[in-house]
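Visitor: One line per chain: the protein sequences are A and B, in this order.
Under the numbering used here, think of the first position of the first sequence as 1, with each following residue one higher.
Under the numbering used here, think of the first position of the second sequence as 1001, with each following residue one higher.
Derived from the structure by calculation, the hints contain no laboratory data.
Hints should not be assumed to be uniformly reliable.
[As the list claims (entries may be wrong)] Only some residues are given here: those of chain B computed to face chain A with a beta carbon under 10 Å:
| no. | residue |
| --- | --- |
| 1 | Ala-1023 |
| 2 | Ala-1053 |
| 3 | Thr-1063 |
| 4 | Glu-1070 |
| 5 | Asp-1090 |
| 6 | Glu-1092 |
| 7 | Phe-1112 |
| 8 | Asn-1115 |
| 9 | Ile-1117 |
| 10 | Tyr-1118 |
| 11 | Phe-1237 |
| 12 | Ala-1246 |
| 13 | Ala-1272 |
What you are looking at is a predicted structure, and each value in this text was computed from that prediction instead of being measured.
Even for Gly, the Cβ is constructed at its ideal location relative to N, Cα and C.
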Amino acid sequence: MSNAVAIADARANRTGHQIYAGRARAIIERSLIALRSSTWVPVATGFVEPVLYLLAFGYGMGELIGNVTLGDRAVDYTVFIAPGLLAASAMNGAIYDSTWNVFFKLNESKLYQGMLATPLGPLDVALGEIVWALFRGLSYSIAFMLITAPLGLVPSWGALLAIPAAVLIAFGFASFGMAITSYFKTYQQMGLINIALLPMFLFSGSLYPISVYPDWLELTIKLLPTWHGIELTRDIWFGIIDFSSLSHLSYFLVMIVLGLFFTTRRLRDLFMR
Amino acid sequence: MSETLISARGLTKRYGDFTAVDAIDFDVAKGESFGLLGPNGAGKSTTMRIIAATSQRTSGTITILGRDPEEHGPQIRAHLGVVPQQDNLDTELTVSENLFIYGRYFGLGKKFIRNKIYELLEFAQLEEKRDVKVDTLSGGMKRRLTIARALVSEPDILMLDEPTTGLDPQARHILWDRLFRLKEIGVTLVITTHFMDEAEQLCDRLVVMDKGKIMAEGSPLELIKTHSTKEVLEVRFGSDRNKEIAPSLRAICSRMEELPDRILMYVEDGEALLEEILNRKLHPTTSLVRRSSLEDVFLRLTGRTLIE
Ligand SMILES: Nc1ncnc2c1ncn2[C@@H]1O[C@H](COP(=O)(O)OP(=O)(O)OP(=O)(O)O)[C@@H](O)[C@H]1O
Ligand SMILES: [Mg+2]
């Protein structure tokens, strides 16, 4: 009996052993190997974008705007937009790997088909790919933090908690991004993701508070993950943790679970039916 | 009778209204090399995917190593090495990285795989290509790598879906040789093909499939014996005259197949029949006496040629 058989047999009685072999790690390992020989240029562009926003809006527009009132205090405009842009870095990174790259693997390289011919299950693949995408989101947000801290834009040590929050945000976006991608069939549909993301980011309170909107629009914006991400990071940045911060947290937990669920189901339907 | 590894009864797969695999029965014994022979769309790949626990049957039963793939998919897949019809190598990785990560998907240890890679590269004759990206390999090399990859987990059963399609004759022979070696060490092979020479070379036993059904089963020799004659006389009269002459040929040969370009006549002694034809002053433009092959079996069973 080969080793592979013993490893698979050991899990035979666990619930969910059909969809999860407990080896999402192997998928991440694959991405690490692939990363070694890939080009680093797209890595840089996804990260540069929020930094450009920070420079253009913070140091450009910020001169005109001066201070923004947040609760009962006034904060410098550049400081005000920094946490939202950190959230954007996390989202950008997460989306990068979980959409176009996943689309390629699903449709062009048939990579998942090969993986699922082994004892791996669809949840291994989904989780491995999503966590990998999250890593990129995490590294973008750490890099963003490293840039903003020396500029005096990080108000306190507590703001460092924005990094774990970024992990959660990136996890949510990666999870949802992969789920949506797995249902898309054409490049046109994939283009919609990028078309939707920019306005979602711009209008979700990244650059100004959404209280300026009429009520109906404000309520609509409050349904978007971009708003929850930006708000959560801003709450932490300025140390205003309250019930609404919890609601943002739960929003992302739900997003993660739903994304994993639908991705797993879709992979099974595509490759194991 | 040795141990049965795969056993299917009434195995059926439907896609919507379309029945791709239609109530087939077969058994594969340990150490055997079992073939699925059939034309495009016969349901070979579908059957392979059900065995490999990557597609679920609609009805019927199937056990692989005594287990039902619906309940024990991962455990069954741990026993198998799968070579799909279309290569799905990891194009972002090199040759050796492909082997390495595939082993990791099975949960194998890094050290074990690293040692195994040498052996597999040697087996696939890809030692020189070990650090080359997969997209730069030739079709034959990719195929050999896909087979090597399927072996990283030391499978009991190797599933090969058209292993040599698209390869030149030399590459095919190299592959056949590799597969013989595996058979020698006791690996059970399940092979699909639409090349009858390949089926004759590689398979101990095979089923002929058409439109989702099994038309016949047996060793290549048995099939030829049961469903064909010892020899075949192929005659051509030119496409317009074939039709005209066929009735007169029927008078001297009870089994004939009329193809668009030639007439096949099934007899025990082809030379004798040809003499008879010439005596009757029916002058074929070309004629050929050959031994019966699986192609003839297929033609007999379905009324169609295997490769259109
Ligand atoms: N996912 C699917 N959805 C719908 N129909 C399918 C699907 N997969 C296969 N079929 C149909 O089932 C039939 C059998 O397909 P299959 O791939 O098993 O044939 P095959 O014998 O392997 O043929 P080939 O020699 O061309 O590889 C075909 O008519 C095919 O169109
Ligand atoms: Mg096929």
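Visitor: Tell me, in ascending order, the numbers of any earlier hints that this structure violates.
Guide: 1, 3, 8, 9, 10, 11, 12, 13
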